[in-house]
Amino acid sequence: MDYLKAFLVGGIICVIGQILMDKTKLTPAHVLVLFVTSGVILTAIGIYEPIVEFGGGGATVPLPGFGYSLAKGVIEAVKTDGILGAFTGGISATAGGVAAATVFGYIMAVIFDPKTK
Amino acid sequence: MKNINKKDYEKYVNKKIPKPKIIKNCMWAFVVGGLISTFGQLITNFVIDNGLDEKEAAIATPVILIFLGALFTGLGIYDKLGKKAGAGSIVPITGFANSIVSPAMEFKREGFVLGVAAKMFTVAGPVLVYGFGSSVIVGIIYLLLKR
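Protein chains in written order, with numbering that gives the first Met the number 0: chain A, 0 to 116; chain B, 0 to 146.
Some hints here could point you the wrong way.
To be verified - Derived pair list, reagent style BS3-like, types lysine-lysine, alpha-carbon separation capped at 25 Å:
#1 B:118 <-> B:82
#2 A:78 <-> B:54
#3 A:22 <-> B:23
#4 B:82 <-> A:114
#5 B:23 <-> A:4
#6 B:83 <-> A:22
What the hints assert, rightly or not - For each label pair, taking beta carbons as the anchor points, the in silico distance ranges come out as:
#7 B:140 <-> A:112: 13 to 21 Å
#8 B:5 <-> A:26: 29 to 37 Å
#9 A:106 <-> B:121: 13 to 21 Å
Stated by the list, open to error - Here are a few chain B residues that sit away from chain A, every Cβ distance over 12 Å (derived from the structure):
#10 4
#11 5
#12 6
#13 7
#14 9
#15 13
#16 50
#17 107
Simulated from the structure, these hints should not be mistaken for laboratory data.
Glycine is no exception: its CB is placed at the ideal position from the N, C-alpha and C atoms.
Model the full structure from these sequences, guided by the hints.
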């Protein structure tokens with residue numbers, strides 16, 4: 000059941016992205032920026048949390064889920080550390096992903112060459 | 000009359016043509032995006048079964064997905080998938096890894112600093128700027144509202 004919900008929610012979020020790309024002039028980069036920012040805002044106003052509770056990986060794997068981690072992290076950090084938490088919370092919560100993206104991204108880019116066809 | 004008919008016909012055709020393409024694109028996006036999300040759920044369940052708590056799993060899952068996204072981009076498989084899957088492969092966190100590796104590989108000949116390292120962040124950079132930026136703003140607003 001977990002998996003079915005994840006499939007549905009993840010699929011729907013990607014369809015929204017696809018419609019944005021096909022119907023507007025937004026590039027993939029614009030869609031990613033839009034989705035991360037939306038994730039932060041929707042989490043801050045309490046809309047995204049229920050979606051995560053329902054969809055699990057379907058809500059956390061797509062990019063709005065990255066925004067969700069940022070917003071959740073920052074709100075928790077503000078509760079404990081005040082103003083400093085506003086600066087550390089989001090980045091701390093997503094540090095693993097960002098470091099992984101930097102390190103693995105670099106390694107793969109150095110090891111492999113683009114496939115030209 | 001013929002001209003008008005032709006124009007009307009073109010309008011009619013233009014209206015008709017993109018539609019099936021969008022539906023097809025959306026179906027691909029739905030299935031591939033759904034499958035990657037399901038796979039993410041599988042990883043989360045797996046690491047929780049192996050002793051991680053929920054918070055740790057929320058860190059481990061994206062790390063593993065990013066690794067796989069970067070690896071399959073390097074192998075040239077992810078971009079092949081992306082041609083069909085569109086947003087289904089772009090929107091998941093694996094697509095974020097793809098957006099880092101793709102340009103970095105492409106610009107390797109420009110060196111390891113201004114080529115690889117700089118181009119890694121052509122898409123990821125803006126994502127982090129707006130992501131981090133909005134999280135700080137949310138934090139400050141939350142702080143002000145809490146008082």
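Pair hint outcome, residue 22 of chain A versus residue 23 of chain B [Cα-Cα no greater than 25 Å]
Within the cut-off at roughly 14 Å; holds.
Assertion that residue 5 of chain B lies farther than 12 Å from chain A (Cβ)
holds (26 Å)
That 29 to 37 Å hint for residue 5 of chain B and residue 26 of chain A (C-beta), does it hold up?
holds (34 Å)
Given the hint that residue 82 of chain B pairs with residue 114 of chain A, does the C-alpha gap stay at or below 25 Å?
holds (14 Å)
Is residue 118 of chain B close enough to residue 82 of chain B, meaning Cα to Cα at most 25 Å?
holds (21 Å)
Agreement of residue 83 of chain B and residue 22 of chain A with the hint, judged by alpha carbon distance not exceeding 25 Å:
Holds, at about 17 Å.
If I take the minimum Cβ distance from residue 4 of chain B to any residue of chain A, is it greater than 12 Å?
Fine: 28 Å to the nearest Cβ keeps residue 4 of chain B off the interface.
Distance restraint hint 13 to 21 Å, applied to the beta-carbon atoms of residue 106 of chain A and residue 121 of chain B
Distance hint for residue 106 of chain A, residue 121 of chain B holds at roughly 18 Å.
Beyond 12 Å from every chain A Cβ - status for residue 7 of chain B
holds (23 Å)
Beyond 12 Å from every chain A Cβ: check whether that's true for residue 107 of chain B.
Given a closest Cβ separation of 7 Å, the condition is violated.
Can we trust that residue 50 of chain B is non-interface, i.e. its beta-carbon lies farther than 12 Å from all of chain A?
Non-interface label on residue 50 of chain B holds, nearest chain A Cβ at 17 Å vs cutoff 12 Å.
Please work out if residue 78 of chain A and residue 54 of chain B have their alpha carbons no farther apart than 25 Å.
holds (17 Å)
The structure shown violates the earlier hints numbered 7 and 17.
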